[in-house]
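**Q** Sequence:
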Amino acid sequence: MKTCTIKRDIDIWYASFSVEIDDSLPEKTVIKSVVGNDVGINPLVALSNKEKKEPPKFLLQSEHKLAKEQRKLSRKDKGSRNRNKQRIKVAKVHRHIRQQRADFHQNLSKKLVEKYDFIAFEDLKIKNMIRNHHLAKSISDVSWNMLQSFTAYKAEWAGKVVTFVNPKNTSQECSSCGKIVKKNLSLKTHKCPYCGLVLDRHVNAAINILHRGLKKIGLGYTDLMPVRGLALNTPMTQEAHEFSRG
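Take -2 as the starting number for the sequence shown in the numbering used here and just add one per residue.
Hint data in this document are derived by calculation from the structure and do not stem from the laboratory.
Nothing false has been slipped in among the hints.
Quick list of in silico lysine-lysine cross-link-like pairs, BS3-like style, CA-CA up to 27 Å: (1) Lys213 x Lys29; (2) Lys49 x Lys176; (3) Lys49 x Lys179; (4) Lys4 x Lys151; (5) Lys165 x Lys47.
Use the sequences and the hints to build the structure in full.
**A** Shown next as structure tokens:
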């Protein structure tokens, strides 16, 4: 053991230890299964194989209780013992939400890494996005950066690959023909007038994210080529794409 740090979180104490371990990482896994992930508010994640994960509304579900406790706090006299007790109650509600959120993302990231050898996300600038006051609360609640960071470190230890790609036009670009099909946020379906592809807009984006991720490391669906540092095996597959063409 090298160091020990004691930390207090309201009424709970934690001891954090740092130790020296063998930090050699496993060899890269042979890439057989790949997936792109489009993160959002609803759904939280859309996968390139059409799977979706709805967001857990931890903060919204607890909002009534939180608002109730905060109203009580506002009525307490500043500097009083009762106000301090109420402040602790409010802090405990926030802690409970924070722990639920972390547990959810730990479980989801674990499933992604267990199921896929190559995982692609958008490289989102979340700090800039939460400046939009209408979306800030929902973005904070779903915690995309937590999911991405948990997935990245789990993948590293498992010998899997996680990559982040430019998010520009992932929702607007047709994943079949590559043409730009403009759509606002209210449109939930991608309908390409050029090639006829009809697909959920989030799944379409997830496929584009996967395409960009594979291209970033020099891979594609049809022409696989060895990449330094990655173990490849053909054929590389993604679980069942089902496209509807109009």
